[in-house]
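Turn these sequences into a full structure, and let the hints guide you.
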Amino acid sequence: MSSRRRTWMPARLLCLVVLATVVACGGGGQPAPAPVTSITPTVTSDPTDKPGGTLRLVTGAMPSGDPGWATDAGSRMLLRLVSRQLYSYRASPDPVFTAAPLPDLAVGPPVVSEDGKTHTVTLRPSARWDTPGVRRVTATDVARGIKRLCTPPNPSPMRGYFAATVVGFATYCDELMKTPPEGVRDFIERRGIDGVQVIGDDSIEFHLLAPAADFTDVLALPAASPVPLEALVYAPNSPEYLENLISDGPYHFGNTLGDESYRLSRNPAWVASSDGIRPALADHVTVRTGVDAATAQAEIDADRADMAMDSTVPAADVTALDAQADGRLSTDGPGSTVLLTVGLHGPASAALGGGGVRQALVYCVDRAAVAAALGGPVLATTTAQMLQPAMTGFQSRDPFPTLGSTGDPARCREGTRTAADGGPLTTLVLLTTDSAEDAAVASALRDAFARAGVTLRVEAVPAADYPGVAVPSSTVGWDLALTRVTPQWFGNAGRSVFQPLLEPQWSGSRPADGGYRNDRIAQLLRDALGERDPAALSTRWGDLERELLTDAAIIPLAVTVTPRFHSANVRGFLRVPSLDAADPTAISLGIA
4 MSSRRRTWMP ARLLCLVVLA TVVACGGGGQ PAPAPVTSIT PTVTSDPTDK
54 PGGTLRLVTG AMPSGDPGWA TDAGSRMLLR LVSRQLYSYR ASPDPVFTAA
104 PLPDLAVGPP VVSEDGKTHT VTLRPSARWD TPGVRRVTAT DVARGIKRLC
154 TPPNPSPMRG YFAATVVGFA TYCDELMKTP PEGVRDFIER RGIDGVQVIG
204 DDSIEFHLLA PAADFTDVLA LPAASPVPLE ALVYAPNSPE YLENLISDGP
254 YHFGNTLGDE SYRLSRNPAW VASSDGIRPA LADHVTVRTG VDAATAQAEI
304 DADRADMAMD STVPAADVTA LDAQADGRLS TDGPGSTVLL TVGLHGPASA
354 ALGGGGVRQA LVYCVDRAAV AAALGGPVLA TTTAQMLQPA MTGFQSRDPF
404 PTLGSTGDPA RCREGTRTAA DGGPLTTLVL LTTDSAEDAA VASALRDAFA
454 RAGVTLRVEA VPAADYPGVA VPSSTVGWDL ALTRVTPQWF GNAGRSVFQP
504 LLEPQWSGSR PADGGYRNDR IAQLLRDALG ERDPAALSTR WGDLERELLT
554 DAAIIPLAVT VTPRFHSANV RGFLRVPSLD AADPTAISLG IA
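Residue numbers (our numbering): 4 to 595.
Calculated directly from the structure, the hints in this document are not laboratory data.
Even glycine gets a Cβ: it sits at the ideal position worked out from N, Cα and C.
Each hint should be verified, as a subset may be incorrect.
Stated by the list, open to error - Computed Cβ-Cβ distance ranges for the label pairs, DEER-style:
no., residue 1, residue 2, range
1, Pro184, Glu440, 16 to 24 Å
2, Ser512, Arg139, 28 to 36 Å
3, Arg523, Gly426, 24 to 32 Å
4, Asp401, Val236, 52 to 60 Å
Structure representation (structure tokens):
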């Protein structure tokens, strides 16, 4: 893949392309599932690509392999090797197909009831676990994977997507969270979720709280992966889970190569003809742990390793690698949105409760300086919105434009002096983590606000403590919080962008919450989430974004992409946005 960014197809066109599948765009009352081949793209391999060889991965720490807790790139890369989902995103040079969920364990798209609230999925009969005796993956395994997402004391960060869509999940979750540790296994096996009905081994039925055109994307999350009965013996996301991992993917663990190395080989229980997602080109995959980012970069550059699972390219190396343009550096988007959440219950709450003052704050920021601090232009570009070009509803918009995205100190000064209740607004508290990246952004923001006569007092807290400070229950000690939104999928991705940000009852991981509650915005969110007409979906998400940006409860700053690097030995490096990395099963090895 070139070091230059891929041009993403506008989301409306993407939705129209996959409309016939009813996978990415949703729909109700459709007939029986379409054949898998009707929506599987044709991918022509590079002539130098070939199966075989050993893919050499390096990582700082080995992920647990637990799908319910796979939120980072390293965990998702491992899962691509050893786990399957009902639906998944296929590696392809065409971004249409990397953003549309395709049948994986499912034989086709869900069959959706006339009212849009029941989705029935039929499983392939040929998927197998690599257990002694090799047994099939069943609908019960799928239900089990979803039920265990609320295992105490550390439930899955992804549980919010199921609580927001599936009947009875939130109640089930509350009850499981209160269950003593010794009773968790029995609770999961004996108690069901009202909205998840197993129909024999082959089918599973999901009953939704409301129609959801993006429910197939929810089912494509790693958290929706099936889990075998044996896994309930081990604590979720634990070393014991990894040590006893049972695979239904193309690879499984063999004997370790040492204290810090793992070896995966082809899983004899995996049937290639049943998997239209994972080419599984390499014969073996090795994972060497304890490798930091700088060492990983040196090892890959010297062709002693092929890719890093978790670490990214050190920022100091990116510009030079991009200039080489030899194809080993990938900065494909889309990415994460860096933004400011305005706190309405902090020290300056009296002033920030008014929309006029919040709008003035938009003119205080220098987005160009923020993007530069984040490593732009290769790694960061300015943005005034939340939706990205790959998403349904995207339309370039900026309700408060400034020349070169550098801000307007005069308008900032005027708005913070004349529109603030209780007198001029001259000081604000900015909450960040104590990371070097956040420190650089905070410095750029502090300088920009100072030009308008507003002092930013930065409060940096450890990353582990940030969620507790940034997502409070009432009064907070900050006025602005630097936070990030990383969509869990792309295409019809509005839920992943806006619902964790705006819904007070959201469970699981979420960006900073400034206490913004607006009935009009809440209704627009409900309308967009429930829209079943693909032609109207773009308008719904666009209306929500426009209203939210105009009210300035959040201030988008920049979109950042993750730099990935691979060895000269790698062929067919294709990034999958939901993995935020290349698909390791689609890599072929051209030299070693």
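Okay, the hints, checked on the actual structure:
no.	hint	in the structure
1	Pro184 with Glu440: 16 to 24 Å	violated, 37 Å
2	Ser512 with Arg139: 28 to 36 Å	holds, 33 Å
3	Arg523 with Gly426: 24 to 32 Å	holds, 29 Å
4	Asp401 with Val236: 52 to 60 Å	holds, 53 Å
Hint violations for this structure: number 1 only, all remaining hints satisfied.
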